[in-house]
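Undergrad: Work out the full structure, taking the sequences as your base and the hints as a guide.
Residue-level listing of the chains:
Protein chains: 2
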Amino acid sequence: MAREIVECVPNFSEGRRKEVVDAIADAIRSVPGTKLLDVEMDANHNRAVVTFIGDRNAVAEAAFRGAEKAVAVIDLTVHKGEHPRIGALDVCPFVPVSGVTMEDCVAIARTVGERIARELKVPVYLYEEAATRPDRRALPDIRKGEFEGLREEIKTNPERAPDFGPRQLHPTAGASVVGARAPLIAFNVNLGTPDVQIAKKIAHAIRESSGGLKYVRAKGFALKDRGIVQVSINMVNYKGTPLFRAYELIKAEAERYGVPIVGSEIVGLVPLEAVVDSAGFYLKLENFKVEQILETRLWE
Amino acid sequence: MAREIVECVPNFSEGRRKEVVDAIADAIRSVPGTKLLDVEMDANHNRAVVTFIGDRNAVAEAAFRGAEKAVAVIDLTVHKGEHPRIGALDVCPFVPVSGVTMEDCVAIARTVGERIARELKVPVYLYEEAATRPDRRALPDIRKGEFEGLREEIKTNPERAPDFGPRQLHPTAGASVVGARAPLIAFNVNLGTPDVQIAKKIAHAIRESSGGLKYVRAKGFALKDRGIVQVSINMVNYKGTPLFRAYELIKAEAERYGVPIVGSEIVGLVPLEAVVDSAGFYLKLENFKVEQILETRLWE
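Taken in order, these protein sequences are the chains called A and B. Just so we're aligned: 109 in my numbering is position 109 of the first sequence, and the numbers increase by one with no gaps anywhere. Just so we're aligned: 1085 in my numbering is position 85 of the second sequence, and the numbers increase by one with no gaps anywhere.
Since the hints were made in silico from the structure, they are not lab data. The C-beta atom is built at its ideal place from N, Cα and C for all residues, glycine as well. Some hints here could point you the wrong way.
Claimed, not checked - Covered stretches of chain A (chain B as the covering partner; in silico rule of three or more C-beta atoms under 8 Å from a C-beta of chain B):
| hint | segment |
| --- | --- |
| 1 | 136-147 |
| 2 | 243-251 |
Unchecked claim - Here are the simulated lysine-lysine pairs, PhoX-like style, with alpha carbons at most 20 Å apart:
| hint | chain 1 | residue 1 | chain 2 | residue 2 |
| --- | --- | --- | --- | --- |
| 3 | A | LYS284 | B | LYS1284 |
| 4 | A | LYS284 | B | LYS1251 |
| 5 | A | LYS251 | B | LYS1155 |
| 6 | A | LYS35 | B | LYS1289 |
TA: Structure follows, in structure tokens:
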């Protein structure tokens, strides 16, 4: 029987102070049965992405401890960054990897979400597969107005009432979005221009919500320290819309503005198949099977 | 201490009769401690590539049993195919994967080579890291003239005397080349033209021996059943010259002839890093680490 592995990828609203992110990561890894896989910090976004795995109970406990530490050390009233956010723990997805189903991960999300709301007094919205309403599946919909906007709306607009917890943001930690989803790829494409409007236009062109590629969420950001701009993408179904397709569409759109792609990055972890599919696309590989990669056969 | 894994990739001169190749594969996998990873048959080349792993002793025994079966069932006097060959077992490399050194693999090659020559009466040439002479490192140099040419030369030309065994080819099994080497990638690139001269010219342009890319061996073949042609490449050091560089050079050369690349294939196994490097090149990935691939972290 396959080993039980749940992946959890909490995003925290701190990308500049390493000691803060380390404290959160330490809280997570303090739980036996978890393995911390990755910690990424982005100073422009002012955001950190932590990736860890474990059995369902260890992962649920570790997610809570990460939330608890984040609430203690992150103050959104003084937080500024390129990436939209509503909480110190901004989003916390659970992803089935092996030996667990999506339903299992939805159950974990509900348990952890309820505990965060009750013990930390942070309102929680359930999203993606754990969503209680269709207009609450997608993270951008829940995050509208960000921390500052939601602070008012949550009290007045019935549509913005949380799934757990008070109808009031935590004063410094805001609200958290918790859920279950398939593996997502965080993929940033950097453009050789200082004009952030170009990145915003391209993001608008390629994202599903405004008419572009299905399964693509995208935003344009300025990378001020580098003098360039970035189309920051979440690929929510890399089997439906693969990495290379989004890349090629960005390339075509960027050409319209006479702007080159100068680099890209994958933030956090990525499924092997997604990388292989991209190599296969550009090399025009026929009949290539992931099992032809030697290392996959050593793990058997 | 790392598990001891040697990879062996024998190539046999049979790519059309599945029952023949199956019999050879069965002989190999009959040895406890081996794992058969892949069997590829190419009807145009009339050649099969088998990939298996195991500890050094199991792999040495299995390689011999594969040779023994090949000598029994393959008759080179009636063999026709696109790929150059001198033996029923044409080449048998041993590759260090973990827990063994290149020197260990050279020792295995010598032991197996000597046994093939003595027990099967098939002359053996040692190549690559096991070579006894600098002009015998490269397979193309040892294979000059193929079975038919070598059959005469081996008797008359002292330069063509084998490292083990008689100065006479086995009447139906020819000679075998045995050695140790780093991982090699067998990569075929198919061109949308029936003109095999174009494939030959491009192979000539890109291969190291005639002035092209270091670490690249290449030949042009006709794929008669498909009406197209192929540049068939061995990348002998994918860290030195990566897949995508050879691909891009072929693409540039093919454009000169107005011919498109219509597909490619990797034959047998490929190291993960080689696939990742190609995806990284085309997606312009910065700072990407293989450890970001989730599956690599599940087997730690």
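Undergrad: Is the straight-line distance between the alpha-carbon of A:LYS284 and that of B:LYS1284 20 Å or less?
TA: The hint holds at about 18 Å.
Undergrad: Counting residues of the segment 243-251 of chain A whose CB is closer than 8 Å to a CB in chain B, do you get three or more?
TA: Coverage by chain B holds here, the residue count being 3 at a Cβ distance below 8 Å.
Undergrad: Is the straight-line distance between the alpha-carbon of A:LYS284 and that of B:LYS1251 20 Å or less?
TA: holds, 11 Å
Undergrad: Do at least three Cβ atoms from the segment 136-147 of chain A come closer than 8 Å to Cβ atoms of chain B?
TA: With 0 residues close enough to chain B, the hint is violated.
Undergrad: Starting from A:LYS35, check that the Cα of B:LYS1289 is at most 20 Å away, please.
TA: Status holds; Cα separation ~18 Å.
Undergrad: Take a quick look at whether A:LYS251 and B:LYS1155 sit within 20 Å of each other, Cα to Cα.
TA: violated, 61 Å
Consistency with the previously given hints fails for numbers 1 and 5, ordered from lowest to highest.
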